[in-house]
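Engineer: Here the protein sequences come in this chain order: A and B. According to the numbering used here, the first sequence holds residues 82 to 272 in order. According to the numbering used here, the second sequence holds residues 12 to 152 in order.
Hint data in this document are derived by calculation from the structure and do not stem from the laboratory. Each hint should be verified, as a subset may be incorrect.
Here are the simulated EDC-like cross-link-like pairs (lysine to aspartate or glutamate), alpha carbons at most 20 Å apart as the crow flies [stated by the list, open to error]:
id, chain 1, residue 1, chain 2, residue 2
1, A, LYS108, A, ASP86
2, B, LYS21, A, GLU257
3, A, LYS140, A, ASP98
4, A, LYS110, B, ASP40
5, A, LYS140, B, GLU47
6, A, LYS140, A, GLU150
7, A, LYS87, A, GLU128
8, A, LYS140, B, ASP53
9, A, LYS140, B, GLU51
10, A, LYS108, B, ASP23
11, A, LYS108, B, GLU122
12, A, LYS235, A, GLU253
13, A, LYS245, B, ASP23
14, A, LYS203, B, GLU35
15, A, LYS203, B, GLU43
16, A, LYS108, B, GLU43
17, A, LYS245, A, GLU202
18, B, LYS65, B, ASP53
19, A, LYS140, B, GLU43
20, B, LYS21, A, GLU226
21, B, LYS21, A, ASP129
22, A, LYS240, A, GLU257
23, B, LYS21, A, ASP98
24, A, LYS108, B, GLU35
25, B, LYS95, B, GLU122
26, A, LYS110, B, ASP54
27, A, LYS110, B, ASP23
28, A, LYS140, A, ASP129
29, A, LYS140, A, ASP125
30, A, LYS245, B, GLU24
31, A, LYS140, B, GLU24
32, A, LYS235, A, GLU257
33, B, LYS21, A, ASP125
34, A, LYS87, A, ASP125
35, A, LYS110, B, GLU43
36, A, LYS140, A, ASP124
37, A, LYS203, A, GLU253
38, A, LYS108, A, ASP88
39, A, LYS203, B, ASP23
40, A, LYS108, A, ASP165
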Amino acid sequence: MEQQDKDNWLGLLRIGDHQAFGEFIDKYKETVFLCCRRLGLRDDEVEDVAGETFMAAYKALSRYDGRCELGTWVWSIAYRKGVDHLRRNRRQRQLVVEAGQGVVEAAEAGPATAVQGRELEKLVWEAVGRLPRLWALAVVLHYREGKSLADIAKIMDNKENTIKTYLFRGRERLREMLAGPFGEDTNACQE
Amino acid sequence: MPAKNRNEDKFDEMLGAALRRHCEAVPVDFTERMLEQVRELDDRRILAQVVLQKRLALSASIVFGGLAILGAVFFPARILTILKSIGAGLVGYGGGMLGKTQQAIDVFRVEWQFYTVLAVLLAFAVCCLMGLLFEDRVKVV
């Protein structure tokens, strides 16, 4: 029944139903903004690119064949639009600039409370923000969105091995940067 | 499971949990503004479609009408001959499939340039007429 509802909803999206498209925007707007911000777009650019992404999706929805998950499809459009925007603004090379070497300082609160609190979330996102953009995006796609390597490769239009490298390096860098906040808690597992 | 692996699993778990807890800031009226843009896009698309149909219909009327007038003024005898030959061709239809086909081919062979132009113009005129009559009922969402 749920699958049937989903199919009906997709059908409405394909024929350009505005109410269904409103639901589609509500469902994926956070994803699209996240992608644009992780690519390093400025605040004033993020909304424009997000708008371009949804307009492109609206025009292309009639051709969506369901071969990949709708979320993955939206991510790939947002990524392409973001990269195109950076390219137009001659900031493409910044995509591969190495990460800042800063280490995020540990929160004063103990790890047990920090894990549950927003402080740790903030520290993690700060650390992700210091990663090179493509590593950061791969990490977010894998750890937050739960995308597979194949899906991430499709979204970022890259080889799976390259994505694996981004993830490995991103994770290692995060591990170094978050050694403080995560340290005690993860050490506890070794005992 | 080795301690190192368990430790890495724990790190992944905590990293994923911290990343998932985050809510990305989105302008409150973003959906409404996007829907407004979508409505404008649809309106523009419908308007462009209607304008194109009207232009095609108008140009078909001008071109076809003009050609008919020019033909009647400058080549009346030729047009009469052609119409007669078409008539003869139709009458000869009863003469059997082979004879009719041969006759049509002969007629077409003699005046093939004219028939080609005529066929293109007729097709254009019919398309425009159909568009004018039937495709005008555009559903405005």
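Engineer: None of the hints should be skipped; say for each whether it holds.
Structural biologist: Now for the hints, and whether the structure bears them out:
no. : hint                : result
1   : LYS108/A - ASP86/A  : 15 Å, holds
2   : LYS21/B - GLU257/A  : 15 Å, holds
3   : LYS140/A - ASP98/A  : 12 Å, holds
4   : LYS110/A - ASP40/B  : 11 Å, holds
5   : LYS140/A - GLU47/B  : 15 Å, holds
6   : LYS140/A - GLU150/A : 18 Å, holds
7   : LYS87/A - GLU128/A  : 28 Å, violated
8   : LYS140/A - ASP53/B  : 10 Å, holds
9   : LYS140/A - GLU51/B  : 13 Å, holds
10  : LYS108/A - ASP23/B  : 26 Å, violated
11  : LYS108/A - GLU122/B : 64 Å, violated
12  : LYS235/A - GLU253/A : 23 Å, violated
13  : LYS245/A - ASP23/B  : 15 Å, holds
14  : LYS203/A - GLU35/B  : 12 Å, holds
15  : LYS203/A - GLU43/B  : 30 Å, violated
16  : LYS108/A - GLU43/B  : 14 Å, holds
17  : LYS245/A - GLU202/A : 24 Å, violated
18  : LYS65/B - ASP53/B   : 19 Å, holds
19  : LYS140/A - GLU43/B  : 18 Å, holds
20  : LYS21/B - GLU226/A  : 18 Å, holds
21  : LYS21/B - ASP129/A  : 38 Å, violated
22  : LYS240/A - GLU257/A : 26 Å, violated
23  : LYS21/B - ASP98/A   : 44 Å, violated
24  : LYS108/A - GLU35/B  : 12 Å, holds
25  : LYS95/B - GLU122/B  : 13 Å, holds
26  : LYS110/A - ASP54/B  : 24 Å, violated
27  : LYS110/A - ASP23/B  : 26 Å, violated
28  : LYS140/A - ASP129/A : 17 Å, holds
29  : LYS140/A - ASP125/A : 24 Å, violated
30  : LYS245/A - GLU24/B  : 18 Å, holds
31  : LYS140/A - GLU24/B  : 38 Å, violated
32  : LYS235/A - GLU257/A : 29 Å, violated
33  : LYS21/B - ASP125/A  : 37 Å, violated
34  : LYS87/A - ASP125/A  : 34 Å, violated
35  : LYS110/A - GLU43/B  : 12 Å, holds
36  : LYS140/A - ASP124/A : 25 Å, violated
37  : LYS203/A - GLU253/A : 19 Å, holds
38  : LYS108/A - ASP88/A  : 16 Å, holds
39  : LYS203/A - ASP23/B  : 17 Å, holds
40  : LYS108/A - ASP165/A : 24 Å, violated
In summary, the numbered hints that this structure violates are 7, 10, 11, 12, 15, 17, 21, 22, 23, 26, 27, 29, 31, 32, 33, 34, 36, 40.
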